[in-house]
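Engineer: Sequence:
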Amino acid sequence: LTILTAPGFRMNGNKRKVDELIYERVAMNNGMGAPVVKRQQTELEKYRSQLSEILRGKEDFIRKQRHSSLGIEPRRIDDDGIMARFAPLYQEVARLHTEKEEHAEHLRLIRDIINESIVVEWPRAVYGVHKSGHDEATEVDQAPLIHRARNVVKCRTSHPTMRIKIYALASSDRGSSANVGPQVIETFFRCALTKAQSGVVGEHCDSRNVTIAGRMILTQREGTAATKTTADRTGAIVSPDGKLVASQAAPDTHTFHLLSRFGEKNTRSTSFKYENGVMCATFPEMGVTLNSMVDRRQLATRYAILVEVGVNIGDQIFEHSFQSLPFLIAITNDQTEPLLNSIIWSRMLDREHYDGSEPQLSISYGIVREACKQFV
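For any residue, its number in this note's numbering is found by taking its place in the sequence shown, counting from 1, and adding 8.
Keep in mind that the hints were calculated from the coordinates and are not lab data.
A portion of the hints provided could be inaccurate.
Below, in silico cross-link-like pairs of lysine to aspartate or glutamate (EDC-like), each with a Cα-Cα straight-line distance of 20 Å or less [unchecked claim]:
1. K251 / E272
2. K72 / E211
3. K203 / D260
Have a look at the derived ranges for each label pair, beta carbon to beta carbon [as the list claims (entries may be wrong)]:
4. V160 / Q205: 26 to 32 Å
5. P96 / N299: 14 to 20 Å
6. T261 / E53: 32 to 38 Å
7. D87 / E113: 47 to 53 Å
8. E144 / P259: 42 to 48 Å
9. P259 / H111: 27 to 33 Å
10. G271 / H212: 16 to 22 Å
No residue lacks a Cβ here, since even glycine has one placed at the ideal position from N, Cα and C.
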């Protein structure tokens, strides 16, 4: 990362200084009259504290996503909430000039800001939640509880769309400072169908320790081939091993480090994609097909999408992998009812992450009624 490693780095012709007052001497009456050194908070510590505050708010954001998947208080896609604070924080930290001994910590902070800002959305058009109060279509974030396993690409039924957002990386029209700092050269996104692991949604998940459960499909309704049309619009393709891949790069990029690093050298890169000013990759009309016939019959296995993201900023590469909200997979229509019963209550109560240390709150009848209406 040029801004971190090049000595004498200059931004817009002016070298940026970091406050050099790390310590201050405070006279204290200790019987000897000797001054005592009191440590002050460094710039990096200040920004690390701001990141911690944002992460506390992100927990509520994830909880809203879980409830939105049930149709309870649907989260509008344009309602970024706490996530909108990642981009300004990243811009401030990326422009910061640090001393040589702080470079490693500076780099770790940038990595954590970028990684923590990556989330998965499931956009879906619904009615009745528009800001104006009118019955207009609104795009909400509603993760599917159940995927339907199909082996065909051409189909007439709709399938869920998944969008991966990097909130730390905003387009230039979101603010005058969005394009200031080290240049974003490449981004890489890859998704695989896996068996869900225990843990908090969005936390780092080692891609080497997951179990691949099947293949991903980009379906296309009305019989049009998916890998031709959708690649032109979103850049999303299906790899030979059944994973969804999207590669994006700056216009003047000639060497694609991320494609080599992730072993996807044959993937074509497109220009950067943005949604509401946030860098993203969209995988429309996703389908799944299972490998195991045992899992197809048991109906109890929880699945998740393993998301792998790579970002190349100033030739410094950042990688992050995590799992989406868990879901179930149905083969036939008559399997839907028992599957819903097994997942809806755990998601309403957050039971998957309940450790028993605090009493759980009761759920009002109104919320139960609204949730049940979604599945009638």
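Engineer: So, for every hint listed, does it hold in this structure?
Structural biologist: Hint check:
no.	hint	verdict
1	K251 / E272	holds (11 Å)
2	K72 / E211	holds (16 Å)
3	K203 / D260	violated (39 Å)
4	V160 / Q205: 26 to 32 Å	holds (29 Å)
5	P96 / N299: 14 to 20 Å	violated (44 Å)
6	T261 / E53: 32 to 38 Å	holds (35 Å)
7	D87 / E113: 47 to 53 Å	violated (33 Å)
8	E144 / P259: 42 to 48 Å	violated (36 Å)
9	P259 / H111: 27 to 33 Å	holds (29 Å)
10	G271 / H212: 16 to 22 Å	holds (20 Å)
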